[in-house]
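Starting from the given sequences, assemble the full structure and let the hints guide the process.
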Amino acid sequence: MINKKWFGILVLLFAMLLVVSACTGDDGDSSNESGKEKDTENATGDKTLIFGRGADSIQLDPSKVTDGESIYVTNQIYDTLVRYEEDSTEVKPALATEWTPSEDGLTWTFQLRDDVTFHDGSEFTAEDVVFNFERWATSAEFIYYGYMFGASEEDLGGIIESVEATSDYEVTFTLSEPNAPFLQTLAMPPFGIASPEAVEEHGEDYFKNPIGTGPFVFSEWVPDDSITVIKNEEYFGDTAKVDKVIFRTIPDNGARFMELQSGSIDMMTGLNPQDIQTIDADENLQIIERPSMNVSYMAMNTDKEGPLAEKEVRQAINLAIDKEKLVSLYEGIGKPAKNPLPPSLWGFNDDIEDYGYDIEKAKELLAEAGFADGFDITLNTFSNPRPYMPQPKVSAQAIQEMLKEVNINVEIIESDWDTHLSLTENGEHDMAFLGWTGDNGDPDNFLYVLLDKDNAKVGSAGNIAFYKNDEVHDLLKAAQTEMDQEKRTELYLEAQELIHEDAPWFPIAHTTPPIAANQKVSDYVPHSTGSEPFNMLDIQE
Amino acid sequence: MLKYISKRLLMLIPVLIGVSIITFSLIHLIPGDPARSMLGEKATEAQLESLRQELGLNDPYIVQYGRFVGDILQGDLGQSIQSKESIGYELLHKLPATMELTLFAMLLAVTIGILAGVIAAVKQYSWFDNISMTGALFGVSLPIFWLGLMMIWFFSVKLNILPPSGRLTPGTEINTITNFYLLDSLLTGNFRAFKDAFLHLIMPGIALGTIPMAIIARMTRSSMLEVMKQDYIRTADAKGLKTRLIIFRHALKNAFLPVLTVIGLQFGLLLGGAVLTETIFSWPGIGRYVYLAVLGRDYPVVQSTILVVATIFVLVNLLTDLLYKYFDPRIRYE
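Those sequence lines, one after another, are chains V and G.
In terms of the working numbering, the first sequence is residues 643 to 1183.
In terms of the working numbering, the second sequence is residues -19 to 314.
No wet-lab data here; the hints were simulated from the structure.
Just so it is clear, CB atoms sit at the ideal spot from N, CA and C, and this is done for glycine as well.
Where hints are given, some of them may not hold.
[Stated by the list, open to error] Sample of chain V residues lacking proximity to chain G, with all beta carbon distances greater than 10 angstroms (derived):
#1 E803
#2 E952
#3 W988
#4 D996
#5 Y999
#6 K1095
#7 D1165
[Unchecked claim] Label-pair ranges, simulated between beta-carbon atoms:
#8 G/G46 x V/S730: 53 to 63 angstroms
#9 V/E795 x G/S121: 55 to 65 angstroms
#10 G/P11 x V/D1015: 27 to 37 angstroms
#11 G/G46 x V/E776: 34 to 44 angstroms
#12 G/I(-3) x V/K1099: 39 to 49 angstroms
#13 V/E776 x G/Y271: 36 to 46 angstroms
#14 V/E947 x G/P40: 35 to 45 angstroms
#15 V/V1036 x G/Y313: 53 to 63 angstroms
[As the list claims (entries may be wrong)] Heads up, incomplete: computed chain V residues facing chain G, CB under 8 angstroms, no partners named:
#16 T708
#17 Y789
#18 S794
#19 E795
#20 T891
#21 I892
#22 Q903
#23 S904
#24 S906
This is the structure in structure tokens:
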């Protein structure tokens, strides 16, 4: 009799199960999909690296995404015409072995390797390069192509006028204007060359079936759980030392770190700063710092009438904030910034002396500008941490406190990320936090994007200080068409001096994101661009 | 009875219309732009505009809502903005993950909760009563994320006996049929996968089951205490019936109605509210799916998933109501 009641409860639970199975059954054809998750490779005795991260990739077609988590994986699957050196942003041969720009910088000719095959077995030729570039110039959804090559709605090709296969293994680009960073841009992961056959075969679903030429072959994707790539035995470069890499999504930082401690993952990103000490004390774990290619800053809207339009006021604000103290909020992963460029980039002006912390001088400058009694002002910040700013709210509060010393009353406006971007792009702020992660390792990618008057357009501003200096503009424009790197360096050094003097920003910090790994992981060199192929990395069993 | 069921099912329609309007309004009221969150900060205005156009985000709200309802009526849950995947297909994978976890958690909560509640009521003020009810108080107030992390730290890092997260150890082969891994591994006779899936269920199951377990235990206890004071229990006792029989057959059956209500409600809550547990244990279920969709302003995912969860919630409640009759035959449905 007693059992009957428990039986009743069991019936209840199973009934619920049935009802729900019936409901889900309506959502699609389950019989067709059921085979999708079949594991095709076996896991016996392979050298496997398990990489833990906070979020899943969005798409595995690098030309369509901008999130780091997608690029992390596609960097393993695809090759670009040229690649970055392991430890700098200088470029080296990859699918292309040699390249020559014409004198006027308008024509670039690349010699390609003749021994490369795609993961689907098809042979790599110049026609494939043409196919890919033409594909990217057909739609606005290829975000990085449009962004790096200046595509517009009317002209989706941007500065690339044509791409031609001038022989089986030679491809020629014709540009509409000289573009000095062109080569460095081609090394960016979004310009990974995909197999035309696979793109055509899978159509809209290509992002789930990526085929490239890279050191690893895509194997399986279980959404929100894991992505598996396996070693490409036929790779033309250094074949990978591990047989398989599994990218696992573990959303919680604390839980991910415990997985690392328990040994169920080998490496992870997104470390809580307080866990760094634990790693130092644990002989099984190590920290590897990724070199910085970013900057965080507080932009001052020079377009708004009022105090911020005055150079002296902006300089005074630079003097009135204790940068060392502010950067201490980065808990060891930030280095104070004095320039918009991170020091890892060529063209960085190290002769510039930062304003330093000097309240008296700040007060003098404010008096000079007629603001001895101070003023009220707003500071826009965002609610979620960003790679270049771990504690936006607290940083804003720190600046609020510091500026009180010089009678500047700061009101903090905190919004979510999307809102923050749209507010600042539209110039609706006085002062605002923002940051930038470099794309191609060229100074142009920082200075022109963030501080040129071309990019100070209300509604789509990258230059949210709305800083417009014609002299700076001329220098940056000249550097875009100058092919000689030494001459370009000169131009950038000068531009940085002018920017320093005009002080449209209070530069805050460059961060070096830590990667935690088991001690058995070796030969891992993180790249400043944010991700790198794992073929050189090894793991001791 | 049939008339009652069809009436209740018909009532689903206004409920779902209400839910869809509220969800649609709320998600569109939050500031943010799906095009922006999809293309990232590097997208040009032209690219953003072209995507908004493509997704129909520039249309008046009423047109967007109409399109959403139209698709739903044709059985099409739409397509995710972020992943471009059909939402129906994604739910087919994520709903079973959440259901499996929820069922396991509820099984724990119901078995242990009722048992503890009954014993605590029968032996009122005994050491068991005191300990279990203090435990239940803790259970109700424990933050899940803390409990989850502590369990991972203890069982995975220190003792290394349970897998810290996920549904399966990477590399474990499984042929999916229903996407309920326990069921699938049994159906295909893959006992290695069964054991692996089961071990992965334990910690998230406990974390998720703790609060309902505590609520059920407390509810069972108070309900039992009330029933045990009734005259018919004294009569049964005077008749010389076995105590066990009195408790389980006569008392519990009558005390169970309010507990059943709680179970139904908790079950519905867990289905939609497992976000924390799913985040800490990297459980690829529906809670995290909706949470990420809200962050990414993935309107179609939020709208359709909430609609599906609401449907299940209503059906579970209907089932609970139907089960009342089993426990109290006096109940008549009209």
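Taking the numbered hints from earlier one at a time, note which ones the structure violates and give those numbers from smallest to largest. Result: no hint breaks.
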